[in-house]
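The working numbering puts the first residue of the sequence shown at 124, with every later residue one more than the last.
None of these hints come from the bench; they were simulated from the model.
One or more hints might be untrue.
Stated by the list, open to error - Restraint ranges, calculated between C-beta atoms of paired labels, are given here: (1) A235 x T149: 36 to 42 Å; (2) G183 x A154: 20 to 26 Å; (3) T149 x A238: 34 to 40 Å; (4) L177 x D152: 19 to 25 Å; (5) D246 x A163: 32 to 38 Å; (6) D185 x E232: 30 to 36 Å.
Backbone N, C-alpha and C define an ideal beta-carbon position, used for all residues, glycine too.
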Amino acid sequence: MRKASIALALILVLLLSGCAQESAATEIDVASAAQAAVEALTFDDEMTPVTQDLALDFYGVDAADVKAVSAYMSTGATSEELSLWEAANAEAAQRIHQALLSRVERQKELYASYAPEEAKRLDGFCVEERGNYLLLVVAGETASSADAAVKAVFP
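Just need the whole structure built from these sequences, with the hints factored in.
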C-alpha cells in the first residue's frame, strides 16, 4: 500500500511538472507575429496597422499593463480586426482579456445599428490566451480565420 502511494505521488509530481512546462509561453515578437497572422488570413477589407497609443485607446487598456501590442483594423466599414498583446504579467493579462471582450461588445452594439451583418461577424470573434500573450481575431470566416491566426502566432 505504501509503495502504491509513493508511486502515485511520483506520477502526480511528474504530470504536474510536465503541465507547467507545456503552459510556459515562449518569447514572441509581437509585431512580426501579428503581421504573420494578418498575412495568413483572408480579410474582406484592407487591414491597416494602428499605433500602440491608438490600440490602447480603442481597447481601453492601461499602458502599464502592456509590454507590447500590435493591432490591425479594417480601413473600411467592416468590423474586422486583429490584435496581439503581450501583457506585463498574469494580472495584466486578465485585465487585457476583459478589455478585449468589452471592445467586442461595444463594437457589436455600434454595428447593430447600421451594419447588422458586421455585428454578426463579431459573434464569431476569437480571443486566444497563451501565458501573457493574447490574440483577438475578428475576420470573415471566423472559425477557420481564428485557427489560421492562432497557428501563425503560436506555432
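Hint by hint, here is what the structure shows:
1. Distance hint check for A235 and T149: the Cβ-Cβ separation is about 39 Å, which falls inside the suggested range of 36 to 42 Å.
2. A hinted range of 20 to 26 Å for the beta carbons of G183 and A154 is consistent with their spacing of about 21 Å.
3. Range check, T149 to A238: about 38 Å between beta-carbon atoms, so the 34 to 40 Å window is met.
4. Distance hint check for L177 and D152: the Cβ-Cβ separation is about 20 Å, which falls inside the suggested range of 19 to 25 Å.
5. At roughly 22 Å, the beta carbons of D246 and A163 sit outside the given window of 32 to 38 Å.
6. One distance hint, 30 to 36 Å for the beta-carbon pair D185 and E232, is violated here, with the actual separation near 23 Å.
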